[in-house]
Amino acid sequence: MMTNTGNRLTQGQFSFLPPLTDAQIVKQIEYALSRDWAVSVEYTDDPHPRNTYWEMWGNPMFDLKDAAGILMEINACRKAVPSHYIRVMAFDASRGWETPRMSFIVNRPKDEPGFALDRQEIDGRAIRYSVRSYAAAKPEGERYR
Amino acid sequence: MATHSESTGAPAGASASATTVAATDVDLAALYRDSHVAEVLDRLDRELVGLVPVKTRIREIAALLVVDRARRAVGLGSAAPSLHMSFTGNPGTGKTTVALRMAEILHHLGYVRKGHLVAVTRDDLVGQYIGHTAPKTKDVLKRAMGGVLFIDEAYYLYRPENERDYGQEAIEILLQVMENQRDDLVVILAGYRDRMETFFRSNPGMSSRIAHHIDFPDYAPGELLAIADLMLARLEYTLSPGARVALAEYVERRVRQPHFANARSIRNALDRARLRQANRVFAARGKAVSREDLMTIDEADIRASRVFGEAAMTDARAAATSGGADGPAR
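Residue numbers (my numbering), protein chains in the order written: chain D, 1 to 145; chain B, 146 to 475.
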């Protein structure tokens with residue numbers, strides 16, 4: 001593909017930038033903590049863009065004051081599932097928002113095979129399009145090495 | 146520098162060292178002012194009586210901070226020192242109070258990032274079943290990152306006589322974090338002297354990771370009176386002249402009796418004096434009561450204490466039968 005060589009998953013923030021270093025991740029988490037957002041770590045190996053609910057790595061950490069603890073959790077997650085996508089989310093619980101405000105990927109598998117575009121012809125030669133990940137052809141847990 | 150304008154490369158080193166020598170002389174005083182360390186130390190002096198070894202150590206750490214900043218200003222490296230501490234001492238000598246202050250002090254000195262304190266005991270670290278301890282301890286450590294973790298009565302973590310005890314697991318996780326994440330977290334252990342010594346003897350890894358073993362000495366009678374003055378000022382009470390003399394005598398006698406808990410005993414004594422003062426004022430509620438009457442503790446309120454009675458032998462006998470600290474004195 002011309003626009004996304006390497007088929008990098010462009011979900012969440014900063015996904016068009018080079019992977020964030022630990023120091024940059026700490027800065028982002030500090031920003032979230034300064035706004036009193038609850039930071040959580042999630043992982044998955046299903047890269048479909050409509051897969052919104054990833055597996056939770058522990059509970060959201062809403063009582064932490066410092067990013068070092070969260071970085072500890074991220075590194076523990078990296079060690080446990082090194083070939084999964086891992087993302088950090090910041091949830092704003094204030095009234096009127098009640099939504100995730102930040103979400104960025106902090107770990108990716110080494111090879112991301114990308115997506116295929118499926119065309120399905122329905123009646124009257126109309127076409128339905130859907131997106132399918134090449135990785136999802138294999139079962140969960142065996143998709144990335 | 147005369148030679149500086151003539152050649153570009155060579156004198157740079159010479160002029161740099163000459164100017165940095167002068168810069169460092171000025172910087173230390175200015176750095177000391179800018180870091181606001183002096184106000185923190187003054188406040189500590191004012192609000193806590195005695196505690197000479199503690200204050201000395203804090204001043205030394207403050208000096209290290211200022212010199213560290215000067216070193217960084219001239220381009221030298223400065224590794225963050227290990228700040229884990231152990232407070233040992235008899236009951237009521239101020240261990241918990243100082244630990245609560247230490248988080249704020251270290252934050253002002255720039256050694257901890259956020260300056261909050263997480264105070265835990267064994268129950269917050271150790272789980273009840275297999276697999277429960279590690280997440281519990283890790284959660285506490287995560288919360289304490291960027292601040293100070295204060296573990297009171299730390300020796301309860303280690304129970305060698307009970308093989309089903311999970312305290313050792315918590316100790317191991319603590320040791321790992323204390324070593325690997327020194328710049329993220331400061332750990333303060335506290336407890337009574339003899340039991341902490343036993344704890345350290347059976348956990349030499351813990352003892353070696355603690356950089357500052359600080360002992361809290363017992364307070365002298367004069368210091369106890371000063372503490373009483375501070376407490377009364379905070380509670381907005383005053384002593385009548387007779388009461389002041391009586392309090393001095395009370396302290397002299399109480400110190401020699403068993404189960405003396407230093408500042409805690411003084412606080413209890415003042416609470417009992419307030420109780421007697423309240424009863425005295427309440428009993429005379431027929432006539433008008435002035436603001437002075439409500440604020441003043443009289444000599445009688447203190448002399449009514451059993452410490453002044455024939456009491457010395459009776460108290461010793463009562464101490465043998467009753468259990469807790471500050472039990473027999475009334």
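If you're looking for bench data, these hints aren't it; they were derived computationally from the structure. Misleading hints may appear alongside valid ones.
[Stated by the list, open to error] Not everything, but these chain D residues come out facing chain B in the computed CB check (under 10 Å):
#1 D63
#2 K65
#3 A67
#4 A68
#5 M72
#6 M102
#7 I122
[Stated by the list, open to error] Keeping only pairs whose Cα atoms sit at most 25 Å apart, straight-line, the calculated PhoX-like set for lysine-lysine is:
#8 D:K65 <-> B:K283
#9 B:K259 <-> B:K283
#10 B:K283 <-> D:K79
#11 D:K65 <-> D:K27
#12 B:K281 <-> B:K259
#13 B:K259 <-> D:K27
#14 D:K79 <-> B:K281
#15 B:K283 <-> D:K27
#16 D:K65 <-> D:K110
#17 D:K138 <-> D:K79
#18 B:K281 <-> B:K200
#19 D:K110 <-> D:K138
#20 D:K65 <-> B:K281
#21 D:K27 <-> D:K79
#22 D:K65 <-> D:K79
#23 D:K65 <-> B:K259
Note that beta-carbon positions come from the ideal geometry of N, C-alpha and C, so glycine has one too.
*Would you pick out the hints that fail for this structure and give their numbers low to high?*
6, 7, 16 and 18
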